[in-house]
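J.: Guided by the hints, dock chain B onto chain A, whose structure is given.
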Amino acid sequence: MNNFWIILFHTYINKLKTKSFIITTLLTVLIVLALTNLTNIIAIFDKSGGKENVAVLDETSQLYEPFKKQVSTINKDIKLTLFKGSETEAEEAVEKGNYQGMIQLGLNKENLPLATYKARSIADSSLFTDLQTSLQQLKTMLAASQIHLSPVQLEKLYEPVSFTKIALEKNAKTEEELNQARGIVYVLLFIIYFSVIMYANMIAMEVATEKSSRVMEILISSVSPIKQMFAKIIGIGLLSLTQLAVFLSVGYFSFKQNMESLKEGFLGVYGFGDIPLGTIIYAVIFFILGYFLYATLAAFLGSLVSRIEDVQQMITPMTLLVVAGFMIAMFGLGKPDAPFITVTSFIPFFTPMIMFLRVGMLTIPVWQAVAGIAVLVATIAFLAIFGARVYRGGVLMYGQSNSFKDIKRALQLTKNK
Amino acid sequence: MVLKLEHVTKRFGNFTAVDDLSLVIPEKEMFGFLGANGAGKTTTFRMILGLLDPSGGKITWDGQPIDYSTSHLVGYLPEERGLYPKLKVRDQIVYLARLRGMQKSEALSELISWLDRFKIPEYENKKVEELSKGNQQKIQFIAAVVHKPKLLILDEPFSGLDPVNVEMLKEAVLALKESGATIVFSSHRMEHVEEMCEHLCILHKGRPVVHGTLKEIKRSFGKKNLVIHADFPLNFLKNYPGVVKSKPTMEGIHLQIEGEYIAEKILKEIVSKGFIRKFALEEPSLNDIFIEKVGASYE
Numbered sequence: 001m002n003n004f005w006i007i008l009f010h011t012y013i014n015k016l017k018t019k020s021f022i023i024t025t026l027l028t029v030l031i032v033l034a035l036t037n038l039t040n041i042i043a044i045f046d047k048s049g050g051k052e053n054v055a056v057l058d059e060t061s062q063l064y065e066p067f068k069k070q071v072s073t074i075n076k077d078i079k080l081t082l083f084k085g086s087e088t089e090a091e092e093a094v095e096k097g098n099y100q101g102m103i104q105l106g107l108n109k110e111n112l113p114l115a116t117y118k119a120r121s122i123a124d125s126s127l128f129t130d131l132q133t134s135l136q137q138l139k140t141m142l143a144a145s146q147i148h149l150s151p152v153q154l155e156k157l158y159e160p161v162s163f164t165k166i167a168l169e170k171n172a173k174t175e176e177e178l179n180q181a182r183g184i185v186y187v188l189l190f191i192i193y194f195s196v197i198m199y200a201n202m203i204a205m206e207v208a209t210e211k212s213s214r215v216m217e218i219l220i221s222s223v224s225p226i227k228q229m230f231a232k233i234i235g236i237g238l239l240s241l242t243q244l245a246v247f248l249s250v251g252y253f254s255f256k257q258n259m260e261s262l263k264e265g266f267l268g269v270y271g272f273g274d275i276p277l278g279t280i281i282y283a284v285i286f287f288i289l290g291y292f293l294y295a296t297l298a299a300f301l302g303s304l305v306s307r308i309e310d311v312q313q314m315i316t317p318m319t320l321l322v323v324a325g326f327m328i329a330m331f332g333l334g335k336p337d338a339p340f341i342t343v344t345s346f347i348p349f350f351t352p353m354i355m356f357l358r359v360g361m362l363t364i365p366v367w368q369a370v371a372g373i374a375v376l377v378a379t380i381a382f383l384a385i386f387g388a389r390v391y392r393g394g395v396l397m398y399g400q401s402n403s404f405k406d407i408k409r410a411l412q413l414t415k416n417k
Numbered sequence: 418m419v420l421k422l423e424h425v426t427k428r429f430g431n432f433t434a435v436d437d438l439s440l441v442i443p444e445k446e447m448f449g450f451l452g453a454n455g456a457g458k459t460t461t462f463r464m465i466l467g468l469l470d471p472s473g474g475k476i477t478w479d480g481q482p483i484d485y486s487t488s489h490l491v492g493y494l495p496e497e498r499g500l501y502p503k504l505k506v507r508d509q510i511v512y513l514a515r516l517r518g519m520q521k522s523e524a525l526s527e528l529i530s531w532l533d534r535f536k537i538p539e540y541e542n543k544k545v546e547e548l549s550k551g552n553q554q555k556i557q558f559i560a561a562v563v564h565k566p567k568l569l570i571l572d573e574p575f576s577g578l579d580p581v582n583v584e585m586l587k588e589a590v591l592a593l594k595e596s597g598a599t600i601v602f603s604s605h606r607m608e609h610v611e612e613m614c615e616h617l618c619i620l621h622k623g624r625p626v627v628h629g630t631l632k633e634i635k636r637s638f639g640k641k642n643l644v645i646h647a648d649f650p651l652n653f654l655k656n657y658p659g660v661v662k663s664k665p666t667m668e669g670i671h672l673q674i675e676g677e678y679i680a681e682k683i684l685k686e687i688v689s690k691g692f693i694r695k696f697a698l699e700e701p702s703l704n705d706i707f708i709e710k711v712g713a714s715y716e
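The listed protein sequences correspond, in order, to chains A and B.
For the first sequence, my numbering gives the first residue as 1, with consecutive numbering after it.
For the second sequence, my numbering gives the first residue as 418, with consecutive numbering after it.
Isolated chain A, as found in the complex (with noise of 0.2 Å):
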């Protein structure tokens, strides 16, 4: 076999057997399977099951019904009782845990509902703007027949106004759509900044682990380091789409059993519904390209350092750059048409993720999308010639060395003259 594959296999393999690596798969795996039962674990965490109990104390003896009803409208999980005893007995009650809070309903001068609202603790808002919402629309219409209006009248005083948004460019993505769009490149982008991160560091803190422990200098006598370097970049590369692989199949089946909860919930608004095809195409030709852009400049930063421990202070500025690529992504998100977005996403350290983002929420044209590509590209290949060199004169270097001085000594070891 040529000493490639043996390189790259030997780093994947190897990578594959790590704890850490194993390690973080699992979490990983169990956040994804989490995330996607979400709705039945909160299930399993409510007692009551899902059920919150309120005592109703009427004042009035007229309120308890049509409140009753109102409420059921709007929230069928909360269930009213209606308590028959003393002020302080209810207070007790709640107390004691058998309800989640007391509601005391009266009328005021002008015949209008008022109420107090008693609980434990005022935490929990949800409930309470559920039974206000309630009470609110008890009392109009309550005023409204003190007025005599007529249901019909009613009805247009609360008809919402018809307001609709369209876009006049052809091929625009509707609201609706955007709002899934938006959902889908934020997942995403996490994926991808993430994942740079992560394995852009694995791959400096790689190379820089081979030389210091000088294992180096034997491998680089058998293998070039041009060689070397680019079968380890695929071979964690290789790792990253396995361990992505996991956590995307995991997601996607769990995602398919609870499907019906998670529609309704919060994942739902999202829209994971139907993903487009083009969005996820999009996502890994910027995924692999991102990873290959950040892990030629990890793996060249690698090899100045001669410990370990000044790793971290070598890929900082890289480290930097994904950030700050990934901000202006996240600003991107709500303004995903702004100037700035569009021009950043021609600079090649921000394109995988901005570029991403543009092509995942607007519709631009391909010839954009293919320049933006294009650049990436470009800058892979210069990076890649020029890391490889720094990378050769680099692994021999050792001594002090963590400024970025030391391009400069490194390329000048691999020099002829």
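Source of the hints: derived by calculation from the structure; they are not laboratory data.
It should be emphasised that the depicted structure is a prediction, and the values quoted were computed from it without experimental measurement.
A portion of the hints provided could be inaccurate.
Unchecked claim - Here are the computed lysine-lysine pairs in the PhoX-like style, where the Cα-Cα straight-line distance is at most 20 Å:
1) A/19 x B/544
2) B/544 x A/17
3) B/543 x A/17
4) B/503 x A/17
T.: Coordinates of chain B only, in the frame set by chain A:
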């Protein structure tokens, strides 16, 4: 398969690490490189291996430059020992051997025979970081020779080993030479070079100051050592004409003299003075030559 260095020079910026070095290392010979720290030995080795390109001159082996196409014929033991600390000995050696073009099964059987030879077969499945330094060095040595190289470059192979292990490693090196490998090695320890090498070269500040076969070098050096043990004071010999250096010892004196004829004169001079326990004329040791040649240019 002669290794030839022709007018090889290596400069790093303004610093000249190796200066116009020309050597011929015959096949199946053991060649010793001597030199103080920073003399350019490691740089020379790196150039021979093709890790660094010379700034001038050329290096050929059997008429061909050494590059990655011949790397399976070359073995290298770097001065700074380096192995993967977290990897098992077996995985490590097999990986490195495969990179040198060996089959996995072949590498394994070779590894086992080497481990047996070094009497450490139980380390096959241990991680390198769990081994003692001396044992790590044996593993490192195995890594350099497991693929049966034709050209073996050993940078300080015996440093940091106890005498028993030095002997074991020396025997292994000699056996490799017997089996037809050309071996180039460097050392600070003169006696190792003296004992093992036919040819040697003393490098100083990148220049070869002495170069040739051991016998030639000693002969051309001229000076001899004279050891005298006697019952009467010998201090007057310090200033005797023809005595280059002197060092009093408990039992007598050690002298370095310009030639054999001085010894004759001294013997005649002292024979009447009393009882002489020992009068020995010795060849200069490599150590003397080294100190003289390298020390001289320090002044």
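J.: Check the structure against each numbered hint from earlier and tell me which ones fail, lowest number first.
T.: Nothing - there is no hint that the structure violates, so all of them hold.
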